[in-house]
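Residue numbers (the UniProt record's numbering), protein chains in the order written: chain Z, 1 to 532; chain R, 1 to 532.
Read the hints as simulated data drawn from the structure, not as lab findings. Wrong hints could be hidden among the right ones.
Coverage of chain R stretches by chain Z, computed from C-beta distances (three or more under 8 angstroms per stretch; other residues unrestricted) [stated by the list, open to error]:
id: 1; region: 81-89
id: 2; region: 190-202
id: 3; region: 209-222
id: 4; region: 316-328
id: 5; region: 339-348
id: 6; region: 379-385
id: 7; region: 506-516
Don't be surprised by glycine CBs; every beta carbon is placed ideally from N, CA and C.
2 protein chains.
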Amino acid sequence: MPWKKLPIKPLAYGLPGSILVALGAYKYGQYNALHNPPLNMFPNSSTTKLKSLQPPKYCRDLSSVIPEIAGIGVEVVSSKPEIEHHTSNDFTTHPPKHGEVPQYIVYPTSTEQVSRVLKICNRELVPVVPFSGGSSIEGNFHSTRRGIVVDTSRMNKVLAINDDDLDVVVQCGVNWQRLNEDLEPYGLMFGTDCGPSGLISGMIATNASGVNASRYGAMTANVISVTAVLADGTIVKTRQRPRKTSAGYNLTSLFVGSEGTLGIVTEAVVKVYPKPKSETVVVVQFPSISHATKTVAQVFRSGIQPSAIELLDANMVHCLNYGKYTNKPMLEVPTLFFKIGGINGTVVKESLKILQAITKQNEAASFQFAKNKQEQEELFSARKNALYAMTDWSRSEIDQDIRMWPTDIAVPLSKLSHVLTMINTWIKDSPFKSTIVAHAGDGNFHASIFYRPEQRDEAEKMVNKMVELGIVNDGTATGEHGIGNSKRKFLELELGEDTIGMMRKIKMALDPNRILNPDKVFKIDPNDEGLH
Amino acid sequence: MPWKKLPIKPLAYGLPGSILVALGAYKYGQYNALHNPPLNMFPNSSTTKLKSLQPPKYCRDLSSVIPEIAGIGVEVVSSKPEIEHHTSNDFTTHPPKHGEVPQYIVYPTSTEQVSRVLKICNRELVPVVPFSGGSSIEGNFHSTRRGIVVDTSRMNKVLAINDDDLDVVVQCGVNWQRLNEDLEPYGLMFGTDCGPSGLISGMIATNASGVNASRYGAMTANVISVTAVLADGTIVKTRQRPRKTSAGYNLTSLFVGSEGTLGIVTEAVVKVYPKPKSETVVVVQFPSISHATKTVAQVFRSGIQPSAIELLDANMVHCLNYGKYTNKPMLEVPTLFFKIGGINGTVVKESLKILQAITKQNEAASFQFAKNKQEQEELFSARKNALYAMTDWSRSEIDQDIRMWPTDIAVPLSKLSHVLTMINTWIKDSPFKSTIVAHAGDGNFHASIFYRPEQRDEAEKMVNKMVELGIVNDGTATGEHGIGNSKRKFLELELGEDTIGMMRKIKMALDPNRILNPDKVFKIDPNDEGLH
Numbered sequence: 001m002p003w004k005k006l007p008i009k010p011l012a013y014g015l016p017g018s019i020l021v022a023l024g025a026y027k028y029g030q031y032n033a034l035h036n037p038p039l040n041m042f043p044n045s046s047t048t049k050l051k052s053l054q055p056p057k058y059c060r061d062l063s064s065v066i067p068e069i070a071g072i073g074v075e076v077v078s079s080k081p082e083i084e085h086h087t088s089n090d091f092t093t094h095p096p097k098h099g100e101v102p103q104y105i106v107y108p109t110s111t112e113q114v115s116r117v118l119k120i121c122n123r124e125l126v127p128v129v130p131f132s133g134g135s136s137i138e139g140n141f142h143s144t145r146r147g148i149v150v151d152t153s154r155m156n157k158v159l160a161i162n163d164d165d166l167d168v169v170v171q172c173g174v175n176w177q178r179l180n181e182d183l184e185p186y187g188l189m190f191g192t193d194c195g196p197s198g199l200i201s202g203m204i205a206t207n208a209s210g211v212n213a214s215r216y217g218a219m220t221a222n223v224i225s226v227t228a229v230l231a232d233g234t235i236v237k238t239r240q241r242p243r244k245t246s247a248g249y250n251l252t253s254l255f256v257g258s259e260g261t262l263g264i265v266t267e268a269v270v271k272v273y274p275k276p277k278s279e280t281v282v283v284v285q286f287p288s289i290s291h292a293t294k295t296v297a298q299v300f301r302s303g304i305q306p307s308a309i310e311l312l313d314a315n316m317v318h319c320l321n322y323g324k325y326t327n328k329p330m331l332e333v334p335t336l337f338f339k340i341g342g343i344n345g346t347v348v349k350e351s352l353k354i355l356q357a358i359t360k361q362n363e364a365a366s367f368q369f370a371k372n373k374q375e376q377e378e379l380f381s382a383r384k385n386a387l388y389a390m391t392d393w394s395r396s397e398i399d400q401d402i403r404m405w406p407t408d409i410a411v412p413l414s415k416l417s418h419v420l421t422m423i424n425t426w427i428k429d430s431p432f433k434s435t436i437v438a439h440a441g442d443g444n445f446h447a448s449i450f451y452r453p454e455q456r457d458e459a460e461k462m463v464n465k466m467v468e469l470g471i472v473n474d475g476t477a478t479g480e481h482g483i484g485n486s487k488r489k490f491l492e493l494e495l496g497e498d499t500i501g502m503m504r505k506i507k508m509a510l511d512p513n514r515i516l517n518p519d520k521v522f523k524i525d526p527n528d529e530g531l532h
Numbered sequence: 001m002p003w004k005k006l007p008i009k010p011l012a013y014g015l016p017g018s019i020l021v022a023l024g025a026y027k028y029g030q031y032n033a034l035h036n037p038p039l040n041m042f043p044n045s046s047t048t049k050l051k052s053l054q055p056p057k058y059c060r061d062l063s064s065v066i067p068e069i070a071g072i073g074v075e076v077v078s079s080k081p082e083i084e085h086h087t088s089n090d091f092t093t094h095p096p097k098h099g100e101v102p103q104y105i106v107y108p109t110s111t112e113q114v115s116r117v118l119k120i121c122n123r124e125l126v127p128v129v130p131f132s133g134g135s136s137i138e139g140n141f142h143s144t145r146r147g148i149v150v151d152t153s154r155m156n157k158v159l160a161i162n163d164d165d166l167d168v169v170v171q172c173g174v175n176w177q178r179l180n181e182d183l184e185p186y187g188l189m190f191g192t193d194c195g196p197s198g199l200i201s202g203m204i205a206t207n208a209s210g211v212n213a214s215r216y217g218a219m220t221a222n223v224i225s226v227t228a229v230l231a232d233g234t235i236v237k238t239r240q241r242p243r244k245t246s247a248g249y250n251l252t253s254l255f256v257g258s259e260g261t262l263g264i265v266t267e268a269v270v271k272v273y274p275k276p277k278s279e280t281v282v283v284v285q286f287p288s289i290s291h292a293t294k295t296v297a298q299v300f301r302s303g304i305q306p307s308a309i310e311l312l313d314a315n316m317v318h319c320l321n322y323g324k325y326t327n328k329p330m331l332e333v334p335t336l337f338f339k340i341g342g343i344n345g346t347v348v349k350e351s352l353k354i355l356q357a358i359t360k361q362n363e364a365a366s367f368q369f370a371k372n373k374q375e376q377e378e379l380f381s382a383r384k385n386a387l388y389a390m391t392d393w394s395r396s397e398i399d400q401d402i403r404m405w406p407t408d409i410a411v412p413l414s415k416l417s418h419v420l421t422m423i424n425t426w427i428k429d430s431p432f433k434s435t436i437v438a439h440a441g442d443g444n445f446h447a448s449i450f451y452r453p454e455q456r457d458e459a460e461k462m463v464n465k466m467v468e469l470g471i472v473n474d475g476t477a478t479g480e481h482g483i484g485n486s487k488r489k490f491l492e493l494e495l496g497e498d499t500i501g502m503m504r505k506i507k508m509a510l511d512p513n514r515i516l517n518p519d520k521v522f523k524i525d526p527n528d529e530g531l532h
């Protein structure tokens, strides 16, 4: 213990209380001189400014740490394909920088193991990137600090289906589609339907949503409780299983959307819903985007709660026609896809009547609805195939080597038409083509810019301009994908330095050594010169 | 600056980095020796244990602080009735201890003023209790530290009604019933309906709910964004106005339910809903509580979403009969009250058919529904008058000086029948009478024990036993009232020391001087010997 060598006692007399406390902490071994310096430089402040921080210090050489982790009984791998799989994916527009590669992948199989791994990592200052389905596209799991990746996908048991309570208890590595298979015999379903490879842990991390969020909300509306492991290995369960509670801080929601920067979520209680007893799909086409968004607002005002309200712009419909993704060609105009469910066929018919009257008022050019299950699938398949259709079309009609840059902006519904119309005008005046697919019920849209590799800078400028337009219109840079390390600058534009300072204060309190998913959501290192 | 007098520089050579940092902070005036000592004694920990804290230090003599606060232009009062109004209320079973009285009441009228007040209080270590409607009953606003009360009820403007977005922007002193009046012309309503005097700020503070939560959720489901002032006066807005976002930590939900311990909420964006186009009230009576709760589970599984599902036990129905609160006497058996709404009369009728079939399966003794608005009000008035009915009955039949101790337990629906039946058995074997009113859709119930003043200790034992039963059954001590300072021991039983340690770490980070609503939710002072 090096402190013994220092002449602390003689020096201590006459020092103010703060220093004595620091010395005391040091003496009792709670402060390790190798660790990061104390962060409490502004003890009266409710926020942490980036510039007030010292750069974090991390352990680079894991040669003594890895055997200790393996000694717990956790599998540790470092083969090339495993490392590659945990470094990035093919969908992202934001690949990691050179060298942003994990050194090891660790596969715990229990909360207890995660706790033991984090205790070691916190002690040794090993950066830890939590990993789940691996489909995030905003640099949410880049190994910016070359530490370990903790992959929780092997913790994939459904622990309890409480059908009378409409909730289930799951380990967080469960895939949501697999969960739906388990729920099928009960006539139940999970409310969130993000990309097919999503696991509950990653969906919690990014507050994922999808097509059904219009009715069932994003993950934050669907998580009742989580079990999480904090940076120092402490295991917390945020609440028990009642549907509502006023007992203490809402730590559940604090974890949802925190992208693994505050803890590793290992288990969760999530809500489930009865599948609609009767359902249909409606496709309606409109003369303009404004007619479509007015329709959506009036549908909500009528009290109808569609499970999905998806908007495709004229360009997107063109791609569908081009690739023959529909039974017959559609008008190339803004098009709404609705899923309408209910407690029986009569109720669904009543909803359809009201819906049709609203669309008529808004000059709908056509109103198609599915009369049976097969027609439902056929009609909705156009929406489902949007990604393939835009890929086909852009590769064939623009360039085989074309790239796609999707946005994830969300704005209040009343601003959606203005924002989308403005974007389409900008695109027309640009060298780019684009398509728009919107989760219109949530005001969330993916405008995708197609660009050739040499146009990347210009494409980025256009995307930035679009995101800024969304933020100016009381919106967000990200409706469902998260900030990762690619949208940090927009978070500042959206919420301001003080709100981020509050987030950073919470981060520094819960993860004082900054080991958990470093550099995501906001900057934690004053030397971080990342533009985003 | 006293540091100049200390021989720091010569001493500094050879001191480890931590101490140099502490000295640096001290030198730059960020650390004031009068203030609380630094809290970062365990720099590698994600939680704060109570015993690791020094007792907080507060300013007792406000004679220099109050003129400075008044100088901002904020009204400050200290008349006896004002002080009394802000000290406690007549409904609570947990009156403040002797001397737990605020010194001054401060009435800011803007976020900016709240910020200036808190800057002063943080600098001078003045305890601050935020105050709203004043109807909380769990010691949520006791002035345990004799500081000031910040009453935000004069900030009561509705700032914007965004009817197409189904949200409104309000100052937080707005009363929810007054908001509903403003929404009436739009055919809209606020989803949460707590006690009539509730203001938005207090409803956010306690994550309030009420009868309608079965469909519209508690406050946490209805707050989109808040503007809050942190302990050091920093103003944060947690998000903009999109319906969903994945942009950073969910600070909105962190404020909801935090009982003013993390900041003073001054504005909010809250969701509103279209009023049901058609609605009815159904009253159904059952042979047992278990038959009633099975009915509720099956109703949810059917997809029907009642706006309210209220359960009254046989004792409660007896009180209604006793006070003639219904048109004709009801069977004194467990009774469910439903509010069923829909997009039109046909849809409501379809729901009634399904509901009736379910209640028949569960051996309902009667099934009454309202045929018009007047009948709806008559039928539901029985539920609305429950509090008056139980007061009438208990004062006449037990003792004029009878007291009532209500619980606020919530359990998963599947556990509700077991818990309520057990409680009724305990009551039968006790010297007490009781009634039970449950928000059955949420598994939340108020079992009220009637006791004479001399029976208080015994009554408390019974209540404690009931709360413990709820917690053992995967439930919570509080479904909608909050922890205040009367249920802190149950929070520990419910969530464990580590989860509270995480909450305390967040509290200490955001409010390092512990000025905001001290001693609420969990203990912040190792010398706090409060039993609860």
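A quick look at each hint next to the structure:
no.: 1; hint: 81-89; in the structure: violated (count 0)
no.: 2; hint: 190-202; in the structure: violated (count 0)
no.: 3; hint: 209-222; in the structure: holds (count 6)
no.: 4; hint: 316-328; in the structure: violated (count 0)
no.: 5; hint: 339-348; in the structure: holds (count 6)
no.: 6; hint: 379-385; in the structure: violated (count 0)
no.: 7; hint: 506-516; in the structure: holds (count 7)
In terms of the numbered hints stated before, the structure departs from hints 1, 2, 4 and 6, listed from lowest to highest.
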